[in-house]
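2 protein chains.
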Amino acid sequence: MANRKPLAQRAAEGILDYIRTNDMKPGDRLPTEQELTQLLEVGRGTVREAVQSLASRNILEVRQGAGTFLSDKNGIMEDPLGLSLEPESQKMALDMMDVRLMIEPEIAFKAALHATPEQVQALLDQCSRVEKLIKANKPYREEDALFHKLIGECTGNLVVSRLVPLVTSSVVLNVDVTRDRYRDQTVICHRQVAQAVARHDPETARRAMIMHLHILRSGISDDMTTPLND
Amino acid sequence: MANRKPLAQRAAEGILDYIRTNDMKPGDRLPTEQELTQLLEVGRGTVREAVQSLASRNILEVRQGAGTFLSDKNGIMEDPLGLSLEPESQKMALDMMDVRLMIEPEIAFKAALHATPEQVQALLDQCSRVEKLIKANKPYREEDALFHKLIGECTGNLVVSRLVPLVTSSVVLNVDVTRDRYRDQTVICHRQVAQAVARHDPETARRAMIMHLHILRSGISDDMTTPLND
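Going line by line, the protein sequences match chains A and B. Mind the numbering: the first sequence is residues 1 to 230 in full-length UniProt numbering, read in order. Mind the numbering: the second sequence is residues 1 to 230 in full-length UniProt numbering, read in order.
Any given hint might turn out to be false.
Any copy, or any two copies together, can satisfy a pair, since identical chains are not distinguished.
[To be verified] Mimicking BS3-like on lysine-lysine, the simulated pairs with C-alpha atoms at most 25 Å apart in a straight line are:
hint, residue 1, residue 2
1, Lys25, Lys149
2, Lys138, Lys149
3, Lys135, Lys73
4, Lys91, Lys25
Treat the hints as calculated values from the structure; they're not laboratory data. Nothing here was measured: the structure is a model prediction, and the numbers come from that model.
The task is simple: from the sequences and hints, build the whole structure.
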C-alpha cells in the first residue's frame, strides 16, 4: 500500500493533465475508469485511488451510476483558508472586510477595463437578481456573493476569479453584516458598480465598490458614525 | 451509513469547538479517541470518522501511535484556489503577480503600523535567512515565501496571515521568476521592507513592496523595459 501512493499521485497528475489538455469545463464528463486505465497505463485500483483523491480536493465529482465529472466546485475547498479554526468574532468579520477592501476596489477597476459584452450582461442580470431578492425581503447572501464573483470574472484574471469566492462566501460572513438598514444601500452601490463596469469607467467602479464595502464595514464596527446609524 | 454522516459532521464541529475554546495551536495534542467519545457523547466510529474528515482538511494530523495533533498546515489545503486545474502559463504567473500587487503593498503598510517587537525581530531574522541563501546561490523560494508570510502576520489581521501563503507559495510559482538578475534586487527590496516595518514607517514599507513586486513582474513580462534588462 505504501508504495502504491506515488503511483496514484502520478495517475492523479495524469488526470489533471488530461483535463487541462482537453480544456475541460465544470460539468464535463471524464473518460470511464476503463478508458483511464488505458490512457494512464495503470491498474484499475490506481485509477480509482487517483479519482478519489481528486474528488476529495473538489476537482472531480463521482456520481454513482452516471460517471465521473469535473466538479462545479472548481477545485476550491470548503473553507480553504481554514477560518473555521478561528472563533467567529467581530474582529474576524472586520479583518475579512479589510481584506475585501484591499482587493475588491481594484478588482472593480480592472473589471471595468476588461469586461466582455457577455460578462457585462451577466453582471447586470445578476445585479437585478440580487435587487429583486432584497426588495422582496428574501435572503440574498448567496446571490450577493455570486454578484461579486462575476465582477472578479470580468477582470479576466484567472487568480482573481478564484480568489473572490474565498472572501465573499466565507464562513465568517455568518456574522450578520446585512442588517436591514444596509439593504437599500447595497441595491444602490451594486447598481453603481455594475453600471460603471458596463460603461467601462474604472474610476467610478472602484469608488462605488469602496463605498459599498465601507458601508458594510460600518455595520460591523462602531468606529465610524454614518448617517445610516441615525 | 447515509444517516451516520450528519452525526460525524456534528462531531467534527464539536472538535472544532473544542479547538477554539481551548485556544489550541498547531502541534498541540487532541484528547484521545476515548476522551473525545465521552466529550462529544458519540460512538468511537463517529469520532474516528470526524477525525478523518478534519485530517483530510489539513486541520488535524494523525500520527500513528503518538496521537492526534493540530496540523501545522493550519487547515490550509494544498492548492486551495484549484490553480492546478489551469495550465501553467506566463498569463497565470502574471495574473498571480497582479493579485500580489493588489494585496501585498497594503499588507506591508499595515504591517508597519501594527507589528509587535517580537514580530519585527522574526521578520529581520527571516530577512537575513533569505539573504544568506541568495548570496550562497542556494534555492530560497520557501524561505522567501515565509518572509512574505511573516509580513502578513505583522498586520495582526487573521485573514491576511492565512491569505498570503496562498499567493506566494502557490503552484504557479513554478514559473521561474527568480532568475539571477533579480536576486540582488530581492535582497535590497526585502531589506527595505523589513527595515521600514521595523521603524513603523508604513509609506516606505508599501513603496518598497511595490518596487519589489514590480521588479519580479518585469521578469515575467516583456511589457516594461527596465535597467535590469540590459
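Legend entry - Violated constraints from the hint list, given by number and in increasing order: As far as the earlier hints go, only 3 is violated by this structure.
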